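K.L.:
As a plain string of letters, each chain reads:
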Amino acid sequence: MPLPFEQPIEDLAAKIRDMRAYASEQQIDLTEEIDALQARLDRLKRDTYDNLTRWQRVQVARAPGRPTGLDYLQHAFEGFTELHGDRTLGDDPAVVTGLATLEGASVVVIAQQKGRDTKENIHRNFGMSHPSGYRKAMRMFDLADKFRLPVVTLIDTPGAYPGLAAEEQGQAWVIAESIRRMSELTVPAVSVVIGEGGSGGALAIGVANRVLILENAIYSVISPESCAAILWRDAGEAERAAEALKLTSRDLVALGVVDRVIDEPLGGAHNDRDTAIALVKEALVEELAQLTHMSGERLRRARYERFRALGRFEAVA
Amino acid sequence: MPLPFEQPIEDLAAKIRDMRAYASEQQIDLTEEIDALQARLDRLKRDTYDNLTRWQRVQVARAPGRPTGLDYLQHAFEGFTELHGDRTLGDDPAVVTGLATLEGASVVVIAQQKGRDTKENIHRNFGMSHPSGYRKAMRMFDLADKFRLPVVTLIDTPGAYPGLAAEEQGQAWVIAESIRRMSELTVPAVSVVIGEGGSGGALAIGVANRVLILENAIYSVISPESCAAILWRDAGEAERAAEALKLTSRDLVALGVVDRVIDEPLGGAHNDRDTAIALVKEALVEELAQLTHMSGERLRRARYERFRALGRFEAVA
Amino acid sequence: MALERWFRRNKPTRKEEDNSPAGLWLKCDGCHAQIYRKDLVANRYVCPECDHHYRMPVDARIDLLADAGTFERWSGHIQAQDPLEFEDTQPYTERIEKAQKKHGRPDAIVTGAAELDGHAVALVVMDFAFLGGSMGSVVGEEIARAAERAAEEGRSLVAVTASGGARMQEGALSLMQMAKTTVALGALAERRLPYVSVLTDPTTGGVTASFATLGDVIFAEPGALISFAGPRVIQQTIRQDLPEGFQRAEFLLQKGMVDDVVKRSALKGRVAQVLKLLTAGLPEPTLEAPRAATV
Amino acid sequence: MALERWFRRNKPTRKEEDNSPAGLWLKCDGCHAQIYRKDLVANRYVCPECDHHYRMPVDARIDLLADAGTFERWSGHIQAQDPLEFEDTQPYTERIEKAQKKHGRPDAIVTGAAELDGHAVALVVMDFAFLGGSMGSVVGEEIARAAERAAEEGRSLVAVTASGGARMQEGALSLMQMAKTTVALGALAERRLPYVSVLTDPTTGGVTASFATLGDVIFAEPGALISFAGPRVIQQTIRQDLPEGFQRAEFLLQKGMVDDVVKRSALKGRVAQVLKLLTAGLPEPTLEAPRAATV
Ligand SMILES: [Zn+2]
Ligand SMILES: [Zn+2]
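Protein sequence lines correspond, in order, to chains A, B, C and D. Here the first sequence is numbered in the numbering used here, starting from 1 and rising by one per residue. Here the second sequence is numbered in the numbering used here, starting from 1001 and rising by one per residue. Here the third sequence is numbered in the numbering used here, starting from 2001 and rising by one per residue. Here the fourth sequence is numbered in the numbering used here, starting from 3001 and rising by one per residue.
Here chain A stands alone, though its shape is the one from the complex (with noise of 0.2 Å):
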């Protein structure tokens, strides 16, 4: 099902569908006014992908068939091996955290994970963490910084799980504690926010030396529901919400917040599945070509650097 703005282009396409079925059919030679339509249809994909609106990137941060972060585990990298569990609450589906090589390299993987479906979706809290992901990222953290691993960090959430549970069993604590394990890393640390990177709940596993985001995916604060709902006290202006938050990956280094876009396949990653992988993986191994060469120490520091200088203010006049 296409988005409510890619409508005009599946309306083309599929025109242009209907008339090589009927050229053939007919056997009538319709190639130039085939060819014809296909360059408007490149041309209308180019010009709505390249004019989105925020909220419509919104909608493609969180279209159904837009890669996952297992999609990723299991394409872009090679060997992922899953680890369950945090050894202390439980094992959380909706982070999923492992060992994989990428392009020969072992790697500490962790990704936060919606479901693909809507069972899945349910099993995945619909990517939303309890405390229990988060511990169970902690302890790759540990095990990444003994083995002297890379981490990489997918991050694709709507927020930490806000429920009884979770609240009781320190969803702050551990989001706080999730930032300032990860900042301590002695190893080199990519993040890509893949999909949708849900405030502090993205953020938890976003403290790296470089933090990507693919052209479409969405890094805030709050969710343009949320905020609108606290801002005009109406859900419905969530596009306006989206607007003013600037969201968008575009946004996102112009604020300093991101060190990089990757660009996904024209029609969005969700349309494209495996360039958007492949497009990833290059990104992921060129940063970390990077950062291997330098100490953890140094990797350390350039982390308390990059998040340290953040943020926008003026003297007092």
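Since the hints were derived computationally from the structure, they do not count as laboratory data. All of these numbers come straight from a predicted model, not from anything done at the bench. Honestly, I wouldn't trust all of these hints.
Here are some chain A residues pointing at chain C (derived, C-beta under 10 Å) [as the list claims (entries may be wrong)]: (1) 159; (2) 164; (3) 172; (4) 174; (5) 182; (6) 202; (7) 316.
Virtual Cβ for every residue (Gly too), placed ideally from N, Cα, C.
Given chain A's structure and the hints, the job is docking chains B, C and D with the ligands onto it.
P.N.:
Just chains B, C and D with the ligands now, kept in the frame of chain A:
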């Protein structure tokens, strides 16, 4: 209420009290007779306490009125300030932790705590810790390392709690972790078995540079009752099991499991709490004074070697 | 008049800083007794009848914790920009300006040096009255600076939190203050300097999920609401009433999340006690050898 | 004949080592199907019908994990003393002697060097058949030696546990083996050598509460009972039935305590995969500078 074997002592003491009262009432001089009886009482006490069977020592170790962890924290130390919670699972009342000074020096203290009456016993779960208690202890180990504070642990537990929730939260895992974490401390650590040293639940906070034990305390791989139930299928054989297990302070020194016995006042700690507390304090001050000159690495190494060396075996012929 | 001087000149009045109910007399939220306002203020904003802890103005908090005449303000030299050009019912710049005028400071925080029962500390006090104590770039920066300066000067850090969370109007930059404040605490840890965190009503969201809960020792004030997600959000999630006392200080003590719930009347003493104990550790291991050699 | 030679000479026969039900045919505990014994053994003591995992003799376990012909035994040179002169229904010395004769080894453990899919490992395999796999001084010492020797030789450690817990008959000395084995693992950690722990049926008590659960990665076999306190003890405590599957491997996976439940058929591959990934880390930080200088 005296322990069974204390009855003759109590009877004789009562007789002396009677005689004094009679003498005073009747204005008769019975000084000589009373002195003689008093001397006999002293002898009886000494004979009794010098020759306690192992099972009798088990009873003394568990005697109501025997000073508990908190009694030491409040009276052997100054300025005890309790710190609560493990930041993860809860705040286990069976383990009391915090900061205090000992003759002016800051220390981290961790004490297993039995109740001093029925109500407190229920609250403290009879001194049987849940995983949360060990996690709290580990948080204190971290604090001790960070601020370079010596660690004192006071051991008094029938064992780690064997229950549903405890198993679900990884009782075995957390005991193992606590053993490891304590062994890796870079500050001096002294443990005192003040009452009942019950198996892994005791050892979890007993991996110290120096392990002390009160004269009538016990330390065992299994309770005499459970041991008897397994070996003779009769918990009533606990007395026999207590003998077999060699669980008294002198036995443990002979086995190399503990380093030093702290004498109790004649009649046992439960009959003279203040003196017992003073003796424990004195021993702790002495032991810590010996250790504070050692570097963190040496302390850690010494702990490794101390526990690495324990065990008895022989070459296969 | 330069804004900075304006900030410094104005002594906050009741209207600007004090969030307890107005009027000469008030009906206590806790016990419904009629209390004389002056008594409440004199009692550090704690109901003399039932011990209900009201929110407390920043300056009163500083008075509570700092030894008389020792507080030296560090904060106040920076103020918010508007990196997102954020506008909801009013532009962010206007919101800030109004709050600045009303509360007499550039943002929702005051930091400075003080003695606390003789212990050299850096004091960080959040101002819930200023845009809900929300943490944007300025709040984050002031906390990070305070932590780093404390580390340099060998001071312990004492932070008193009160915040609705991250400041939406600065978007992801606000979110990043969670990381910024957290990494800055590392500077203290490296020097083995204690950090005592005092959570007051309310401490929620991004502040709770960062520096506030990273104290070596964490105290909470009685009855304080302390949470990651707010009660309303959770109610929407679970669609049922929350249990009595949920997310309150006492609940969190029971859940193992705070070291103790401490009454305001005892707070300074308890903080001082902990600072005393945590700063009296053994000498640094690296210093041992030379010291041993010279003694 | 010297006992040591006797241990080495005897090839264990079925009777001595194999705990699966006896007889040519057996009724499977899992599916109640009639299975031919030989099929069971050929299938690594896993029911070909329902995948029920039976306990496995030590030598079969070594065959399962070690590359053919690579296992070199380290253990077997020490045996138990009787430090407590312990006597219950029979003296401890007699118990040990009988078990030694029956099982053809000095105590409840075998350790040695091996290749595992080409990875240099130290293998530790516990023998539940030998006095319930109980851990006394010998078991503790063998594990500690294996860990230290692995560290020296740069081998990863793979431990396969099966134990009823500490060995009562050695009293507090058995208890101390929990600490001894744990500290010895530190030697591996210092050299960043992986330790993979494989928990098999049953692993309980002091073994679970020490080295068994300290694996960098922990696998468990399907259906294995893994606990601190045994089910009977807990039943006595709570005085009600235990939930279905309680303390079984799958339950522990769900509770976050193990990394995965791994079928015996996949075990070697999974262990090898983890060893490969954990031993391919970046060079030691201390080596970086000189390397950078010479490249
Ligand atoms: Zn009141
Ligand atoms: Zn079967």
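K.L.:
Look at each hint and say if it fits the structure.
P.N.:
Structure-based check of all given hints:
no., hint, verdict
1, 159, "holds, 9 Å"
2, 164, "holds, 6 Å"
3, 172, "holds, 4 Å"
4, 174, "holds, 9 Å"
5, 182, "holds, 9 Å"
6, 202, "holds, 8 Å"
7, 316, "holds, 4 Å"
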